[in-house]
Amino acid sequence: MTSFRTLFFRGKPDRSLSRARRAGKKGSSELAHERFKFIRVFFVLGIVGLLVLLTGIIITLGPLNISVADSYAALLARFWPESFAVDPLTSRVVWNIRFPRILGGILAGFGLGICGCVMQAVLKNPLASPFTLGITAGAQFGISIAAVIGISILSGPFFIIGNAFAFALICSLFIIGLAAIKGATSENLVLAGIAVNYFFTAISQLLKYFASDEQLRLMTNWGMGDLAAFSWTNSQILLAVFVICIPLLMSKCWDLNIMTAGDETAKSIGVNAERTRIFIMVVSSLLVATVVCFMGTIAFVGLVAPHMARMVIGGDHRFLIPASGVLGALVLMSADAVGMNLIAPTIIPTGIMTSIVGVPFFMYLMMKGKRKEFWT
Amino acid sequence: MMIKLQAKEIVFGYTSNTILDNVNFEIAPSKLVTIVGPNGSGKSTLIKCIDRIASPQGGSILIDRKDVTKMSRMDLARYLSYVPQSSVRIFPTNVFDTILMGRRPHIGWMGSDRDEKKVWEVLRLLDIEKLAMSNFSELSGGQQQKVLIARALVQEAEVMLLDEPTSNLDIWHQLDVMNIIRDVVRKKEITAIMALHDLNLASYYSDRIIMMKKGRIVAAGDPQSVITEENIASVYRVEAAITSLSERPVIMPLRQIVGARA
Numbered sequence: 001m002t003s004f005r006t007l008f009f010r011g012k013p014d015r016s017l018s019r020a021r022r023a024g025k026k027g028s029s030e031l032a033h034e035r036f037k038f039i040r041v042f043f044v045l046g047i048v049g050l051l052v053l054l055t056g057i058i059i060t061l062g063p064l065n066i067s068v069a070d071s072y073a074a075l076l077a078r079f080w081p082e083s084f085a086v087d088p089l090t091s092r093v094v095w096n097i098r099f100p101r102i103l104g105g106i107l108a109g110f111g112l113g114i115c116g117c118v119m120q121a122v123l124k125n126p127l128a129s130p131f132t133l134g135i136t137a138g139a140q141f142g143i144s145i146a147a148v149i150g151i152s153i154l155s156g157p158f159f160i161i162g163n164a165f166a167f168a169l170i171c172s173l174f175i176i177g178l179a180a181i182k183g184a185t186s187e188n189l190v191l192a193g194i195a196v197n198y199f200f201t202a203i204s205q206l207l208k209y210f211a212s213d214e215q216l217r218l219m220t221n222w223g224m225g226d227l228a229a230f231s232w233t234n235s236q237i238l239l240a241v242f243v244i245c246i247p248l249l250m251s252k253c254w255d256l257n258i259m260t261a262g263d264e265t266a267k268s269i270g271v272n273a274e275r276t277r278i279f280i281m282v283v284s285s286l287l288v289a290t291v292v293c294f295m296g297t298i299a300f301v302g303l304v305a306p307h308m309a310r311m312v313i314g315g316d317h318r319f320l321i322p323a324s325g326v327l328g329a330l331v332l333m334s335a336d337a338v339g340m341n342l343i344a345p346t347i348i349p350t351g352i353m354t355s356i357v358g359v360p361f362f363m364y365l366m367m368k369g370k371r372k373e374f375w376t
Numbered sequence: 001m002m003i004k005l006q007a008k009e010i011v012f013g014y015t016s017n018t019i020l021d022n023v024n025f026e027i028a029p030s031k032l033v034t035i036v037g038p039n040g041s042g043k044s045t046l047i048k049c050i051d052r053i054a055s056p057q058g059g060s061i062l063i064d065r066k067d068v069t070k071m072s073r074m075d076l077a078r079y080l081s082y083v084p085q086s087s088v089r090i091f092p093t094n095v096f097d098t099i100l101m102g103r104r105p106h107i108g109w110m111g112s113d114r115d116e117k118k119v120w121e122v123l124r125l126l127d128i129e130k131l132a133m134s135n136f137s138e139l140s141g142g143q144q145q146k147v148l149i150a151r152a153l154v155q156e157a158e159v160m161l162l163d164e165p166t167s168n169l170d171i172w173h174q175l176d177v178m179n180i181i182r183d184v185v186r187k188k189e190i191t192a193i194m195a196l197h198d199l200n201l202a203s204y205y206s207d208r209i210i211m212m213k214k215g216r217i218v219a220a221g222d223p224q225s226v227i228t229e230e231n232i233a234s235v236y237r238v239e240a241a242i243t244s245l246s247e248r249p250v251i252m253p254l255r256q257i258v259g260a261r262a
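These protein sequences, in sequence, are chains A and B.
Position 89 (the first sequence) corresponds to 89 in the numbering used here; numbering is contiguous.
Position 230 (the second sequence) corresponds to 230 in the numbering used here; numbering is contiguous.
Below are the DSSO-like pairs computed for lysine-lysine, each with C-alpha atoms no more than 30 Å apart in a straight line:
#1 B:K130 x A:K37
#2 B:K130 x A:K26
#3 B:K70 x B:K188
#4 B:K214 x B:K8
#5 B:K187 x B:K118
#6 B:K4 x B:K117
#7 A:K37 x B:K117
#8 A:K182 x B:K214
#9 B:K31 x B:K118
#10 B:K4 x B:K188
#11 B:K70 x B:K8
#12 A:K26 x B:K118
#13 B:K118 x A:K37
#14 B:K130 x B:K117
#15 B:K70 x A:K182
#16 B:K118 x B:K188
#17 B:K118 x B:K70
#18 B:K187 x B:K31
#19 B:K117 x A:K26
#20 B:K213 x B:K8
#21 A:K37 x A:K368
#22 B:K117 x B:K187
#23 A:K368 x B:K130
#24 B:K188 x A:K26
#25 B:K66 x B:K213
#26 B:K187 x A:K26
#27 B:K214 x B:K70
Simulated DEER-style distance windows between Cβ atoms:
#28 A:V41 x B:M74: 22 to 32 Å
#29 A:V41 x B:P29: 37 to 47 Å
#30 B:N179 x A:V41: 37 to 47 Å
#31 B:D127 x A:F42: 27 to 37 Å
#32 A:L248 x B:I107: 14 to 24 Å
#33 B:R114 x A:F79: 37 to 47 Å
#34 A:I149 x B:N39: 53 to 63 Å
These are computed hints drawn from the structure, not numbers from a lab.
No residue lacks a Cβ here, since even glycine has one placed at the ideal position from N, Cα and C.
The shape of chain A in the complex, shown without the other chains (with noise of 0.2 Å):
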């Protein structure tokens, strides 16, 4: 009787190892792998230069000149006074005017990228950005009832940033709250962030009906999203904040990259899927409440950032999240540029600058890209 074997397997694939291999040398695939590690290194830190080299050319803009090299001595020289002359003007018009708020746009643009990035992976949805979950809805309900009520959880200087932030982190956490009470999947997640969405913006829109002039005119204003109000004291609270944040977000990058294949593969290979996407929601929802609550919202920044990294380096959150942060913080920056001189001395508000800057770039990468994406 003929067998199984004789019948099916006369086909069988050659195992035997190819004569590189015998010879001990990488074949080409290991050879193609070791370069697309060294793109993504190299990646990395070439955005990481390009973020040092704008900083030089962008603080040159404005009324008084200052030239590049004088840009980054008079940054130095704050550090190593006796390395670096530079006049007191330069120095003072450098550190007190012009690069805080570049700073404040760096800072802002890296933690709306990492925080797009790690939602975009535990909520497996390309669409997900640090405001899917009612970041900015809480905050512009926070906003809305400082300006109109007059009530806040802070006083002083914080009146209205306070209870910013506050609402923002309440909306996203009554948000997870619920979720976890459902079962934490990425399905719930997103639905009860547009739902709650939804209901505050109504709360503030309403708000809106009743207030005065003044008071329209403060939360439009918040609604834009601006760099104006960056001060050193907020880039210090801001850096705090990353301090703590960043390292237990990037402590999660292995679980990261596992969870974008679906909740069973994450559990079956010892990731434990709902309390590492409660985890990643809770610590990223107050680095992005701590940037709106500062400069309003940007909405555009933490979406795509996280894509254009992809796109280049692939889906591994070791190099995914830094890279979507400092291209974060490349978008905003120069979008913040382009906004104060385009037709200078109107300043154009950061938020609405980088939509109209990023959105036509983002586009052109889109078409051009060559990796296949899932809009394909």
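Based on the hints, put chain B in the right spot on chain A.
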């Protein structure tokens, strides 16, 4: 290291619907075991309960006399690996990174050359080295299945669970995937437990077959003792002719048994 797996009184269900009803079995080391049964008999659920992807309401699963229900997920992943039926990727990931995920239970924070070497070893073992830099979503069904098996293999667990690994494949790839599974069971001395629909594949490749109906095990043993006309009639409600090829039963379904109680 040889590992024995025992399931004791596994119960699983949703509010009014019992899916697994007091399931007991014991599996000897380095065997290829298939779980067969009609749709809804609880095959896939049993596989998921063993790996705690679904949490059983009662019973215990012992590996090496250790209760997996009391282990952390990470510890469990060192004993058990799982190959899903298919995997949809939302974000593009290359094959190498997809397989590297399986190293998670062993990996440090940055990953090491050792982990990458393991991935290359398995890529070569399954003859898919050339696909390493391809995008997972652009592969054919057979290639994707091999990549998912490779990911489970780099996990270096003693027991591999597979959920219908041949369900979306043509017959060439069905044999290809089954050969791979049989080879790794022999070479690496691991145990493979898989839910399978194709009774002939189960018969040809398995050391042991577990046949289920409505959440209970109705027959278990070597293929000759499980794949019988009586069992097929009572479990599947199908009249079948059974012959033999290389001492393995081969089944030819003839007609449905209408009117008999399921």
